[in-house]
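Each chain, letter by letter, is given below.
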Amino acid sequence: MENNVILKCENLVKKYGEKEAEVYALDNVSFSVSKGEFVAIIGASGSGKSTLLHIIGGVDKPTSGSIIINGTDITKLDNDKMAIFRRKNIGIIYQFYNLLPILNVKENITLPCELDGIKPNNEEVKELIKTLGLEERKTHLPNQLSGGQQQRVAIGRALVNNPAIILADEPTGNLDSKSSEEIIKLLKLSNEKYKQTILLVTHDEKIANEAERVIEIKDGKIVKDEKISNSKGK
Amino acid sequence: MKVIYSLAKKNLKQNKKRTIATSIGIIFSVMLICFISTLLVSFQSSMLTYIKETIGNYHIMVVNTNAEEVELIKNKKEQAGIQSIAISQTIGAADYETKRDSKLGIQVEAYDDLALQNRAIKLLEGRLPENKNEIVISDFLVSNANENLTVGTKITLNVEKVKVSDKYKDLLEPDGEEKATYTIVGISKQTNEEAENQRAYIAITKLEKIEEQRPYIITILMNNINNADAFGNVLQETIGNVSVNDSLLMWQGAQTELMDKKQIELLGLAIIIVVTCISILLIRNSFRMSILERKKDFGTLASIGATSKQIKKSVILEGIIYACISIPIGIILGIGIVLIGISGINAISVEKGFTLQFVFSPITILVSVIISIITIYISCIKPAKDASKVAPMEVIRQNQEIYIKQLKHGKIKDNKKYKEKNDKRKIEESLAVKNLKRNRKKYLSATISIVISIVLLIITTSTVNYIFQITDEMYPNKYNIDTSFYSDAFDIPYKEKIETFEQISQLDNIEKYSIYTFFTGKIKRDRNVLTNEAYNLNCDINISIYSAEGTAFNKYLEELGLNYFDVLNKAILVNNFKTSYTSVEEIQLTNLKEGEKIQVNIRDKDYTFEIAKVTDKYPEKLLQTLDENSSMKMTGINAVLIIPMEVAKTIDVENSKIVIDGMTNMRINSSNPNKLEEDIEKYINEPKLNIINYSKMKEDRENMTNLISIFAYGLIIIIGVIGLTNIINTITTNINERKGEFKILSSIGMTSKQLKKMLRYESILYSIKAVLIGVIIGLLIAFIMYLIFSNSYELTFYIPIIQIIIACISVISVTYMGARVKK
Chain A
623 MENNVILKCE NLVKKYGEKE AEVYALDNVS FSVSKGEFVA IIGASGSGKS
673 TLLHIIGGVD KPTSGSIIIN GTDITKLDND KMAIFRRKNI GIIYQFYNLL
723 PILNVKENIT LPCELDGIKP NNEEVKELIK TLGLEERKTH LPNQLSGGQQ
773 QRVAIGRALV NNPAIILADE PTGNLDSKSS EEIIKLLKLS NEKYKQTILL
823 VTHDEKIANE AERVIEIKDG KIVKDEKISN SKGK
Chain B
435 MKVIYSLAKK NLKQNKKRTI ATSIGIIFSV MLICFISTLL VSFQSSMLTY
485 IKETIGNYHI MVVNTNAEEV ELIKNKKEQA GIQSIAISQT IGAADYETKR
535 DSKLGIQVEA YDDLALQNRA IKLLEGRLPE NKNEIVISDF LVSNANENLT
585 VGTKITLNVE KVKVSDKYKD LLEPDGEEKA TYTIVGISKQ TNEEAENQRA
635 YIAITKLEKI EEQRPYIITI LMNNINNADA FGNVLQETIG NVSVNDSLLM
685 WQGAQTELMD KKQIELLGLA IIIVVTCISI LLIRNSFRMS ILERKKDFGT
735 LASIGATSKQ IKKSVILEGI IYACISIPIG IILGIGIVLI GISGINAISV
785 EKGFTLQFVF SPITILVSVI ISIITIYISC IKPAKDASKV APMEVIRQNQ
835 EIYIKQLKHG KIKDNKKYKE KNDKRKIEES LAVKNLKRNR KKYLSATISI
885 VISIVLLIIT TSTVNYIFQI TDEMYPNKYN IDTSFYSDAF DIPYKEKIET
935 FEQISQLDNI EKYSIYTFFT GKIKRDRNVL TNEAYNLNCD INISIYSAEG
985 TAFNKYLEEL GLNYFDVLNK AILVNNFKTS YTSVEEIQLT NLKEGEKIQV
1035 NIRDKDYTFE IAKVTDKYPE KLLQTLDENS SMKMTGINAV LIIPMEVAKT
1085 IDVENSKIVI DGMTNMRINS SNPNKLEEDI EKYINEPKLN IINYSKMKED
1135 RENMTNLISI FAYGLIIIIG VIGLTNIINT ITTNINERKG EFKILSSIGM
1185 TSKQLKKMLR YESILYSIKA VLIGVIIGLL IAFIMYLIFS NSYELTFYIP
1235 IIQIIIACIS VISVTYMGAR VKK
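Those sequence lines, one after another, are chains A and B.
Using my numbering, you'd call the opening residue of the first sequence number 623 and step up by one each time.
Using my numbering, you'd call the opening residue of the second sequence number 435 and step up by one each time.
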């Protein structure tokens, strides 16, 4: 199994403040994720789950410890190298979609390719948009879309480069239950169809249970890490 | 790269309002820079043409030199860096009778090719001479000749040739006579040489063969203009008779003591710097606002893998797009304004013969473009850096709370007044005040642009006003034409001069006139004539003799109770005088009575005048002629004798070397001075008569001032517009940025009416503040200017109230309208 590991976190510590004001957001967190796994990280508000995701995404730096994605220790990369690494290897989905308001659906999705200077494969993009159910809305601007649709665009953007891992930060946090269901379905679909590794942060146990494996964090420590047998997907 | 470009382009398209406002700002500033630099280049080139046409295209001129010295100069050609040497020679002069007594004949000068080309011959008709039998003569000779001289006329002259004296270099000796027939091939405007020549007209022929014995005039053009002055000095020391063409050197850019060019360039540079600074403020503000607004987008871009370089590029690309659109439009507009401005200036050209011509200079355009590009680059580099530094975390955390610097608590707590004031305020007002205090930096550039615009407005209007005040003071208001003879007119007999004036007095359009002349004389120390006090001064007594004719003289007679016939061939004696010995006291000069005779010595000749009246009334108004309100007072140091013009004509001051003796002039108050000037030139035709048309000068000066003020106001309006676009930019962005804040306010129960009120209050507060600062600084500078000007002129301090009010209203209304918020 070792060579199948796509993400490996070792002794991650994230500390805020000094001395008496010291707060540990992450306290010696270690775990690894294999290729194709769908992992949910749950925990209460302030448990450190989002911090963990941001550090894995390279948008935040740990106080100590290492994160190895696809054989690269991302804690050793500078900002620009990290940005390039990110657009090739990591897809990020946010709670608030964060689409560029001036780009239409297709442009938003292909943006990471464009930034990389690669011409997106038209067939693949078409297929992806079809899978996302956005065929009709290809040329719409984000403000002409519903929340669910916007989140689907964000998923498309995360998937377009075939990243090693997708990080989803409360992707349903801002959506109604029907849209939420659709988004989770899409994520599961990408997990199955493209063998996509997914790391999902949520505080909703019902959503977490859709994953193959659930890691629970409390006060910056992993308190539970278990595979779910009754996963509907498998 | 493609995606970055399309991002930049789309962003500009999405924010049309800001894009247009910024573009207008950039266009205007490019326009101004291009306008000023093109105007400077055009002016310089026009001055060069003007100087080459009036003085000549040479750096150094050596006159009356000989073959030996010319050889000496030629030998120095390499060493001194001489570009070219043009040669002309004086062949000789021939008697030629014309209507003009002073000009005795025609002097024939032979020019070589280069001299013909460079020596300021402005052909009105025909062509330049091509052989030694062809000549060009001046229009002045044509109009004065007794025969009809036109192109093609053959004229035979008995030329008395001249040569340089062997003994004395400056002396010319006769060198035989030769009868020659010349064909007139061209008619030129009068050259400087002819105008300066007392005795002869000048005919220019072609120098076919140099005759070594004839005097040379050489003109030299230098390779290195900065050496011209030094080389001129060397020639002056070794050869002499050297003149250096300073004005040509100055306008060609040599380092000289003349400052005109530098002053103009400095002024242009100052304007360009101000415009550039304001543009940087505007563009930078616009970029900063745009980036603040899109902070989230940049964070998102970074989080999906855009490098900081890519983000920076995207912002700079926006700048490049602005440059591509705005710079060409600005350049075209700038050139357009120059063309309009030049035709305006030429329409009211002050100096005769000077026309401002448009010069299209690619280098100037290039410089304008470069300055504009640098301006845009400086403006967008910092915002671009800021954008590239946006961390993805800022987006992810979604912490969009507004960071506000905490106010110093102490200040509020300690300041009871502030608290009381704050309590009295309505909530909208107090929110507005707080917003302004906390967002001071955001409003800074808008405030600065308002302040600069208003300061410039006040300075310009004050300057224009002072120039008008000075203009008014500079010219007499009781008469508008002053005629006199040039000081070199001693070849014209005194009597003739007076008669010329009398002829002028017969012309139309004269309301009042006064001819006046002045001599100095002495009264012999004679006990029979002088009073005891005067006699005891123990010296000859100086007496000033005035003579007058015209309105003012008649008025003086009236005051004395006399009429013209009472004083015919007689004199009026002002018997009181102060001497330099008895400076305070006025003493009586003579015991003479009316009807007795006084003997006066003028220029070693004795004249006897019969006294028509003895008075102690100084003829002040007579001396001021028509200017009755002049503050100048006649001091009466000398005794004064006033004689009518008829008597004055008998005084012989012919060929007087003392300029003051027989100094005559005539002042006229004309109802149509321009017509009168024309008539004098047409009917009197006396080249040594100096006509000063004050009315025209004043008009020209006022026209010039008006033109300058049009430019100045245009400049202010443009700077003002740039400033206002800046304000609009600031306000709209500010409102966009604070949408979240407004939502919170309305969610806790602020009505949209209250919201609007708050915003209006905010904008009015800060515009009033900016206007106040601007007005205070502007008036301060205007006052300093007033103090400086009033050292040399009598001025009243001027506050441009109307302009200030207009500026205030426009600033406040723009900010007021800008502060509208959509629901």
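Since the hints were derived computationally from the structure, they do not count as laboratory data.
None of the values given here were measured: they were computed from a predicted structure.
Even for Gly, the Cβ is constructed at its ideal location relative to N, Cα and C.
Be aware that one or more of the hints could be misleading.
For lysine-lysine, the following DSSO-like pairs were computed, each having C-alpha atoms within a straight-line distance of at most 27 angstroms [unchecked claim]:
| hint | chain 1 | residue 1 | chain 2 | residue 2 |
| --- | --- | --- | --- | --- |
| 1 | A | K630 | A | K846 |
| 2 | B | K1031 | B | K1051 |
| 3 | A | K630 | A | K703 |
| 4 | A | K728 | B | K743 |
| 5 | B | K871 | A | K760 |
| 6 | A | K698 | B | K746 |
| 7 | B | K640 | B | K730 |
| 8 | B | K871 | A | K728 |
| 9 | A | K683 | B | K597 |
| 10 | B | K508 | A | K728 |
| 11 | B | K556 | A | K710 |
| 12 | B | K556 | B | K640 |
| 13 | B | K1051 | A | K741 |
| 14 | B | K730 | A | K728 |
| 15 | A | K710 | B | K729 |
| 16 | B | K444 | A | K728 |
| 17 | A | K760 | A | K703 |
| 18 | A | K630 | A | K800 |
| 19 | B | K946 | B | K958 |
Label-pair restraints from in silico Cβ distances [as the list claims (entries may be wrong)]:
| hint | chain 1 | residue 1 | chain 2 | residue 2 | range |
| --- | --- | --- | --- | --- | --- |
| 20 | B | M1251 | A | N692 | 28 to 36 angstroms |
| 21 | B | M1251 | A | E644 | 34 to 42 angstroms |
| 22 | A | D700 | B | I766 | 57 to 65 angstroms |
| 23 | A | T694 | B | K444 | 43 to 51 angstroms |
| 24 | B | K444 | A | D649 | 39 to 47 angstroms |
| 25 | B | P796 | A | N692 | 53 to 61 angstroms |
Hints, verified against the model:
1. A/K630 <-> A/K846: Distance ~17 angstroms between A/K630 and A/K846 Cα, so the pair holds.
2. B/K1031 <-> B/K1051: Between B/K1031 and B/K1051 the Cα gap is close to 20 angstroms, so the pair holds against 27 angstroms.
3. A/K630 <-> A/K703: Since the Cα atoms of A/K630 and A/K703 sit roughly 19 angstroms apart, the hinted pair holds (cutoff 27 angstroms).
4. A/K728 <-> B/K743: holds, 24 angstroms
5. B/K871 <-> A/K760: violated, 46 angstroms
6. A/K698 <-> B/K746: This hinted pair holds, its Cα atoms lying about 24 angstroms apart.
7. B/K640 <-> B/K730: violated, 82 angstroms
8. B/K871 <-> A/K728: violated, 44 angstroms
9. A/K683 <-> B/K597: Between A/K683 and B/K597 the Cα gap is close to 100 angstroms, so the pair fails against 27 angstroms, i.e. violated.
10. B/K508 <-> A/K728: It is violated: about 81 angstroms lies between the C-alpha atoms, which goes past 27 angstroms.
11. B/K556 <-> A/K710: Given that 27 angstroms is the threshold and the Cα spacing comes to 78 angstroms, the pair is violated.
12. B/K556 <-> B/K640: Roughly 16 angstroms separates the two Cα atoms, so the pair holds.
13. B/K1051 <-> A/K741: violated, 106 angstroms
14. B/K730 <-> A/K728: Since the Cα atoms of B/K730 and A/K728 sit roughly 20 angstroms apart, the hinted pair holds (cutoff 27 angstroms).
15. A/K710 <-> B/K729: holds, 23 angstroms
16. B/K444 <-> A/K728: OK: B/K444 and A/K728 at ~15 angstroms, within 27 angstroms.
17. A/K760 <-> A/K703: Distance of about 31 angstroms is beyond 27 angstroms: violated.
18. A/K630 <-> A/K800: violated, 34 angstroms
19. B/K946 <-> B/K958: violated, 38 angstroms
20. B/M1251 <-> A/N692: 28 to 36 angstroms: Given a distance of about 57 angstroms, which is not inside 28 to 36 angstroms, the answer is violated.
21. B/M1251 <-> A/E644: 34 to 42 angstroms: violated, 54 angstroms
22. A/D700 <-> B/I766: 57 to 65 angstroms: violated, 46 angstroms
23. A/T694 <-> B/K444: 43 to 51 angstroms: At roughly 34 angstroms between Cβ atoms, B/K444 and A/T694 fall outside 43 to 51 angstroms, so the hint is violated.
24. B/K444 <-> A/D649: 39 to 47 angstroms: holds, 45 angstroms
25. B/P796 <-> A/N692: 53 to 61 angstroms: Roughly 57 angstroms apart at Cβ, these two residues keep to the hinted range, so it holds.
In this structure, the hints that do not hold are numbers 5, 7, 8, 9, 10, 11, 13, 17, 18, 19, 20, 21, 22, 23, in rising order.
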